[in-house]
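Engineer: What follows is the residue order along each chain.
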Amino acid sequence: MREISIPINDEIIRSLHAGDPVELTGIMMTGRDAVHKWMIETFVRKTRQPVGDDLQVYQEISKYLNQGVLYHCGPVVSGIETKEYQFVAAGPTTSIREEPYQADVMKHFHLKGVIGKGGMGAKTLQGCVDTPGVYFHAVGGAATFLAQTVQKVLGVYKLEEFGVPEAMWVIEVKNFPVVVTMDSHGQSKHALLEESSHQVLDDLLARPY
Amino acid sequence: MRDLTNEILELIRRTASSLPKDVEDRLRASIEKEAPGSAARGALETILKNIELSRANSTPICQDTGTPIFYVHYPEGTSTRRLREQIKAALAEATKRSYMRPNAVDAIYDKNTGNNLGGDDFPSIHFEEIDDDQPLIIELMLKGGGCENVGAQYSLPDNKLGAGRDLAGVRKVVLDAVQKAQGKGCAPGILGVSIGGDRGSSYVKSKEVLFSKMGARNADPKLAELEERLTKEANEMGIGPMGFGGQTTVLDTKITGMHRLPASYFVSVSYMCWAYRRRKMVVTGEEVEYD
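First to last, the sequence lines map onto chains A and B.
In terms of my numbering, the first sequence opens at residue 1 and continues consecutively.
In terms of my numbering, the second sequence opens at residue 1 and continues consecutively.
Check the hints yourself; a few may be wrong.
Dumping the calculated PhoX-like pairs for lysine-lysine here, alpha-carbon to alpha-carbon at most 25 Å [stated by the list, open to error]:
id, chain 1, residue 1, chain 2, residue 2
1, B, 49, A, 83
2, A, 37, B, 111
3, A, 158, B, 96
4, A, 46, B, 96
5, A, 158, B, 49
6, A, 152, B, 49
The hints are simulated quantities; they were obtained by calculation from the structure and are not laboratory data.
Bear in mind the structure is a predicted one, so any value in this text is a computation, not a measurement.
Build the full structure now, drawing on both the sequences and the hints.
Structural biologist: Quick look at the structure:
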């Protein structure tokens with residue numbers, strides 16, 4: 001299987017096509033609902049003033065996100081009390097909830113990849129073309145298996161404020177398996193399947209009981 | 001009454017980390033239907049590896065350890081107040097031990113309670129009294145948010161789908177729900193379908209039916225036939241594991257009927273992801289058996 005290191009450059013991104021299985025190695029960050037809302041409101045649309053450690057966190061995460069990968073994941077983490085963090089279970093969460101934000105977040109932080117499950121919509125697909133970047137689909141529910149690809153937890157941001165599942169966890173992964181389902185050429189496996197399955201549904205609905 | 005906190009903790013550990021055998025067997029059997037080298041087959045292989053690893057390590061099968069849904073069948077005379085306290089204590093301890101992810105978030109203030117306990121309704125506990133010579137049975141289902149979000153409720157007739165108030169109409173709306181879910185509910189899924197009731201009872205029933213074993217058919221031959229037909233037809237849509245395209249979209253369908261008002265005809269579909277976590281414990285005197 002093709003192996004890809006993070007950070008990822010544009011040449012590699014353009015060589016990826018919907019349907020390609022790949023393995024990712026390097027440093028990535030988790031971020032889901034609370035993180036996307038926070039990023040958009042505080043730094044992209046600026047409808048909210050930065051407070052507390054917002055600016056400092058922004059500077060630090062920007063380094064990881066530039067040419068990096070954001071993982072839609074709310075992990076189970078052990079060692080919360082001792083701060084000796086270990087990923088116990090860490091599969092992808094449903095990505096479509098970030099559809100209103102994702103393309104803007106990709107462009108703002110120069111993200112090259114987003115990992116999640118279930119795929120995303122037209123706005124994010126355009127974001128993949130413009131940035132350029134790709135959407136990687138991980139196997140939903142395969143939480144223990146995926147947690148074992150995490151070699152090390154390098155840090156965490158907004159743990160207190162967002163809680164364990166919603167915090168930004170910086171992790172080093174090795175051979176994290178994914179399938180490219182949306183590419184920088186405007187192809188989406190999800191859009192194709194939505195259409196083909198709809199045709200079958202129409203046929204099924206027309207069948208007599 | 002003895003304190004069952006530790007035994008309930010064990011029930012939670014088993015439910016979160018060890019997928020029931022009937023579900024695993026069904027997943028294993030579906031691998032051969034997917035083409036070698038396909039993304040669908042790759043997904044199923046990863047799923048099976050994950051099932052083995054989480055069982056061996058006592059770690060959650062899925063990081064979304066879901067809504068804990070308890071059904072307690074208690075012999076007459078048992079204190080349900082104490083049982084509720086013990087379930088809550090076990091759940092907090094299970095969270096501390098990372099069997100469970102802290103999953104209870106205050107919807108108004110967006111604050112995670114950190115211990116899986118929130119208000120009167122989290123976890124969800126249903127009590128049912130049985131004869132005093134019967135064993136205490138506690139059933140637990142963990143239902144993740146991804147699949148819960150693709151559940152659907154239809155009020156028939158549905159003109160857009162041409163679905164009337166009969167089983168032919170039920171078939172149409174269930175197929176529609178599967179098509180809309182795509183891979184988002186972590187296909188291959190299991191469908192819990194209830195027909196009738198009000199909006200609330202209908203959804204509750206569509207989850208209750210998911211406590212039965214894989215392949216268990218409704219006693220009514222009409223519904224049993226529809227269950228099998230829906231599984232077969234849902235798979236014709238080719239959505240496949242994770243929505244990667246493939247032969248395996250739905251592993252099984254379970255239907256139940258309820259009474260309804262003359263004015264209402266609800267069909268509720270609860271979509272259960274492949275991580276179909278449900279187990280039970282049976283307490284007979286000092287003996288505790290887990291299934």
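Engineer: Within 25 Å, alpha carbon to alpha carbon, are residue 37 (chain A) and residue 111 (chain B)?
Structural biologist: This hinted pair holds, its Cα atoms lying about 15 Å apart.
Engineer: Check whether the Cα positions of residue 158 (chain A) and residue 96 (chain B) lie no farther apart than 25 Å.
Structural biologist: holds (20 Å)
Engineer: For the pair supplied as a hint, residue 46 (chain A) and residue 96 (chain B), is the alpha-carbon distance within the 25 Å limit?
Structural biologist: violated (37 Å)
Engineer: Need the status of pair residue 49 (chain B), residue 83 (chain A): alpha-carbon distance at most 25 Å?
Structural biologist: violated (29 Å)
Engineer: Can the restraint linking residue 158 (chain A) and residue 49 (chain B) be considered satisfied, given a maximum Cα separation of 25 Å?
Structural biologist: violated (32 Å)
Engineer: Please verify whether residue 152 (chain A) and residue 49 (chain B) have alpha carbons no more than 25 Å apart.
Structural biologist: Within the cut-off at roughly 21 Å; holds.
The structure fails to meet hints 1, 4, 5 from the earlier list, while all remaining hints are met.
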